Amino acid sequence: TVLLTASAAGGGLTLGVLLGAGAVLGVADVLASTAASALVPAAVPAERREGANAWMVGAETVGQEFAGPFVGGLLLAAGTGFALGATSVAYALAALSLFLLVGRFRAPAPAPDAVAVPVNARIAEGMRFLWRDRVLRTLSLIVAVLAAVWGAWLALMPLYAQRDMALGPREYGIVLSALGVGGLVGAAVVTRVNRLLGARWAMFADLVGTALMVALPALTTDIRAVAAGAFLGGMGGTLWTVNARTLTQRVVPDEMLGRYSAAARLFSFGAMPLGAALVGLLAEWGGTRLAFGVFAVAVAVTPVPFLRHVTPSALRAFRAR
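Numbering (the working numbering), first residue to last: 19 to 339.
Treat the hints as calculated values from the structure; they're not laboratory data.
Since this is a predicted model, take the numbers as computed values, not measurements.
Be a bit skeptical, because a hint or two may be false.
Claimed, not checked - Pair by pair, the computed Cβ-Cβ distance ranges are:
id: 1; residue 1: Ala95; residue 2: Pro271; range: 44 to 50 Å
id: 2; residue 1: Ile192; residue 2: Arg66; range: 33 to 39 Å
id: 3; residue 1: Ala332; residue 2: Trp303; range: 37 to 43 Å
id: 4; residue 1: Trp73; residue 2: Glu273; range: 30 to 36 Å
id: 5; residue 1: Ala95; residue 2: Trp149; range: 26 to 32 Å
id: 6; residue 1: Leu49; residue 2: Pro271; range: 18 to 24 Å
id: 7; residue 1: Pro321; residue 2: Leu284; range: 19 to 25 Å
id: 8; residue 1: Gly40; residue 2: Leu284; range: 17 to 23 Å
id: 9; residue 1: Leu94; residue 2: Gly38; range: 15 to 21 Å
Beta carbons are placed, not taken as given, at the ideal position from N, Cα and C, and that holds for glycine.
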């Protein structure tokens with residue numbers, strides 16, 4: 019961001035610089051998110067991790083869906099250089115805030131005579147750990163489907179809202195806000211939902227919410243229905259994320275958690291662009307409603323493996339580890 023600020027101030031901000039900076043920030047985001055997820059078990063007692071994960075997901079929702087776009091728009095109105103400079107300051111403050119963490123947050127050190135393991139081998143080890151466990155494997159494959167659906171929805175909704183729903187900027191903003199509000203509500207109620215229904219059914223609710231998020235645009239252009247589907251999708255996504263993080267933090271060893279998180283993110287972040295690309299082809303071939311309908315059918319298949327493999331006994335075994 020410092021390079022972007024300097025380039026903007028000097029009038030040398032080009033597309034190549036923007037693409038390069040975007041790639042660097044993308045890599046940094048993956049590293050930071052993976053480290054943050056692996057840090058929670060070392061910093062938070064087991065009985066409080068669900069609440070900690072809910073706070074983290076809620077903060078991510080506020081930053082990404084509300085504060086980020088709103089503040090970014092205001093800063094950009096003041097000038098590109100000013101906006102990028104403010105972003106650099108925000109990153110610096112975030113880095114300094116890490117010093118407020120007190121303690122030693124590291125996995126157990128390897129034995130002195132242990133052979134050094136290359137990075138590629140560590141990544142492969144995390145993938146093998148994920149794939150050997152039936153529940154973790156099932157959750158990761160379902161996440162790949164859900165992430166592809168989210169990528170498809172985010173890619174197609176702007177066109178669908180403008181061309182099929184005839185929405186203006188304000189109405190389209192309502193639909194996107196419904197997505198963010200749903201995520202925020204999910205973070206606020208996840209603990210109560212878990213107490214009422216259990217983690218398994220709370221996660222199952224995401225399958226229903228995500229299915230409705232793409233099924234309703236396939237069935238109607240009514241903004242109320244589409245916004246309601248977005249709300250349910252956002253809420254379900256938070257219920258899933260909080261519970262999935264809490265479960266994996268309980269069952270995955272501390273020394274493996276970073277590698278496991280990186281492997282799991284390959285399923286989610288890798289599927290999103292594939293979903294966006296596929297929905298574009300489907301919309302071009304059969305129309306936007308057909309494209310949404312195909313992804314709704316894809317989500318409708320996920321309850322079968324979920325209910326078959328993510329059983330109450332399997333979750334009890336997770337908690338007993």
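Numbers of the earlier hints that this structure fails to satisfy, in rising order = 4, 5
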